[in-house]
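**Q** Line by line, the protein sequences are chains A and B.
Remember, this note's numbering sits 35 above the position in the first sequence when you count from 1.
Remember, this note's numbering sits 35 above the position in the second sequence when you count from 1.
Derived from the structure by calculation, the hints contain no laboratory data.
Errors might be hidden in some of the hints.
Remember, identical chains collapse to one label, so a pair may be satisfied in a single copy or spanning two.
[Stated by the list, open to error] Computed cross-link-like contacts, DMTMM-like style, restricted to lysine to aspartate or glutamate with a CA-CA straight-line distance of at most 20 Å:
no., residue 1, residue 2
1, K119, E154
2, K505, E103
3, K322, D454
4, K331, D432
5, K134, E254
6, K322, D131
7, K310, E192
Chain residues, written in single-letter form:
There are 2 protein chains.
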Amino acid sequence: MILKAKIIPIRIGKDAVIMNQADADELGLLEGDRVRVIAKKSTIATVQIAMGLIEKGELGVCHEVAEECEIEEGSEVKIVPVPKPRSVEYIRKKLDGGKLTKDEIYTIVKDIVSNALTEVELTAFVLSSYIHGLDFDEIEWLTRAMIETGETLTFEEGIVVDKHSIGGVPGNKISLIIVPTVAAAGLLIPKTASRAITSASGTADTMEVLANVNLSVEEIKEITERVGGVIAWGGATNIAPADDRIIRVEYPLAIDPRPQLLASVMAKKGAIGAKNIVIDIPVGSPKVPNIETGRKLANDFVELGRRLGLNVTCALTYGGQPVGRAIGPALEAWEALKTMEEKRGARSLIEKALGIAGILFEMTGMTTNGYAYAEEIFKSGKTLEKFRQIVEAQGGDPNVKSDEIPIGDKTYDILAPIDGAVAVVNNQRIVKVARAAGAPKDKGAGVLLHKKGGQHVKAGEKLFTIYAEKEWKLDKAIEIAMREPPVIVSGMILEKYPSYRLV
Amino acid sequence: MILKAKIIPIRIGKDAVIMNQADADELGLLEGDRVRVIAKKSTIATVQIAMGLIEKGELGVCHEVAEECEIEEGSEVKIVPVPKPRSVEYIRKKLDGGKLTKDEIYTIVKDIVSNALTEVELTAFVLSSYIHGLDFDEIEWLTRAMIETGETLTFEEGIVVDKHSIGGVPGNKISLIIVPTVAAAGLLIPKTASRAITSASGTADTMEVLANVNLSVEEIKEITERVGGVIAWGGATNIAPADDRIIRVEYPLAIDPRPQLLASVMAKKGAIGAKNIVIDIPVGSPKVPNIETGRKLANDFVELGRRLGLNVTCALTYGGQPVGRAIGPALEAWEALKTMEEKRGARSLIEKALGIAGILFEMTGMTTNGYAYAEEIFKSGKTLEKFRQIVEAQGGDPNVKSDEIPIGDKTYDILAPIDGAVAVVNNQRIVKVARAAGAPKDKGAGVLLHKKGGQHVKAGEKLFTIYAEKEWKLDKAIEIAMREPPVIVSGMILEKYPSYRLV
């Protein structure tokens, strides 16, 4: 069928054409069906049915398709119905509880990456894996397919290591200390990190306060070879691109299917060529509520690593409250840098960072007492020195001092209402306050904890300070902090119910 | 946040606004999040992130939202993030295998009808019901919620009956005979029918050859009260509107979850006020491959009916080949009308139609020998007379003769290649040929069978004729009929494998 192009002047992130109902009926097309769009060039697009404004004989063409096929306003475009991709059949098989073959999983992942699946079909794949699960064969194939459908890195020389933290704990800025410590010892650590999705700051957001994190795979390789380590944003690369698409479905449903979590983490580590990997599994977050869940997940990571030929060690860590005292991009960068400058700081931060660096030293056979080895590097100032080299290599100022980092100038202190001890620092509530204050978008926004779990406070002492760049966001954050207190001092009335009386 | 409206000149069937990445970041919004759009009027819309062409400070507004909120190009629009509807939580519960409460199901159905769920969320509801199933409490609540969120019909007087055929068998034009037969006996039968989705003709498509089927609920009621029966397209009404949305997710995945099938059928019957219902369950189609599946489904319908206070009888019918000889809208209308005019025709059609009408007569206590009673009405000519009244009431020509119905004038006969007997008439292949010929869009397109299963043929005799309105569609249909023969004469070589030889 030949139609007249009507260009829709927006990009909507997928290849879509919009048809009049009559034309769609003529070709027997329903919403969501696929057509080959043929103009100067050709592509496959998904059909949407216009509810008006596209006349019979016209074809609404979204910007992506117009560009790809070199279609001009009013020009003639031919469309031909095409069958569904074969992967839809395989997704149906998984929906009905079947086991997928290697070929089937590779086909699905390729179709995810080439955007050939509709949102309903992609959702069906993610949800059926969530409900029915994937067995280890399937998880291994999924991981390999995710690696192979994206960019990969190989290093000719050197021992490549990496670490990954399962999310859920605020303030987890440990990578800013681990990467330079490990690199200072001569290992290669090309760390790709994520930005915050629902947290107050991802490692990429935190590092971005000090340096450029939008690095290509070539830049990651070059910097790692030159200075030993890098902290880049994974999203700027094309490493394991299927993962981003899958996350777009998981996020609105707030699900994190175990098979996809395993594949997602290991695909990224495998793609950058790491052979020795530590997985940090914080226990006490909603993702890993108890030690048993943590051990099970740890076993899964080790087994998947074995199948992929990767050496994996998992560290179950305390995740019941934030790591360190700062939450929010600039505050976390400040805390990490200050800790390296002063060679001391929050114990939860230093112990965790050096502990994980130490595991990497033991895994690679550099020492049998990793923690002591990491501590020596840290205390000697080599961690800071290497960190400055990494910042410089990523285009930042190597001489930056922690106290020069700009923090939001609108602040508010939350005080202890009574004498007592801190019973709870609630991770989710802290994040909610920090995000309301503007994090991660406003780099200077966040929360600084003055008291953590178990510490004694007197009435009127500061529990935490909220930082913001904008007054209205500060107000919002204060309101939330009042309504849902993130730091609870024992002895406080937690909630008040209406009293009852006898009638 | 105040943004400048940029109207996107298409309707895309949902309420969406398109934001620049920077503005979305500022508000902490991700693709798929919801915002309240406030202009002269206000609504809730889903956020899409522009990949270009929407500048910072601009808001792409799709036509639906522009109209609803009375937004003009360039005018100021305020947007405020709003939380997800509560039903997303309930959908998560079902995803994890939980049982939903009555309130939770009602909330979900209301959100489906008000378009408050995104495609990912709606897909999650349908798929989790598909995989985990719904128990009878949940199915009952789903059905009731579907009825209550749409239009309903009540008749002050008379006995209201209805019938429904589970799809899967081509040529099933029985409603055109059942409705007038039942109405001629004094019962009320306000039949709403569907159009073809994947078949060659739905009952609404077939009836539309002779009369207007786009009737409102008021018209359906008025005509039923006046002449006793109606055959209308359900899609023109607002009866059980949740069902249409659910089907939009099921179709691309080619799934038909049992709970949704049950709820969908019974909600439509319940909404039009029917108290006595026959469900026709053809056995031998992919939906109901064998009698055991049929019996199980029948039990489910009866039980759901009992819970809803409806009297349900199921008829397991032979679905191994088409009903009657004609497939396609005009051909089916022709066959149904000709059968009523001549009071004879294909046994499969007459026996099935009168059998089901007869069950309704027995259920309502009008007779103990329903088939004989139905046959008497049919043979007396009252069925035809009533059918003409119904056609007239629906704005058609009451004096139309079957041979005046326009059928596609491009035809091609497929001949028997050898002497033998018809072993198979393949339902799916027949439908594929009829659809390729243009059905259901081209009303005159379709297939007329000259031989059915078990009949003897001589080489060169006609097996079936393909009808089309357009030459190119006829060519396509012939090609498909040659490649995948829908009528197999035994003795034919079905497939030829490479011969093997000893090495």
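**Q** So which of those numbered hints doesn't the model satisfy?
**A** 2, 3, 4, 5
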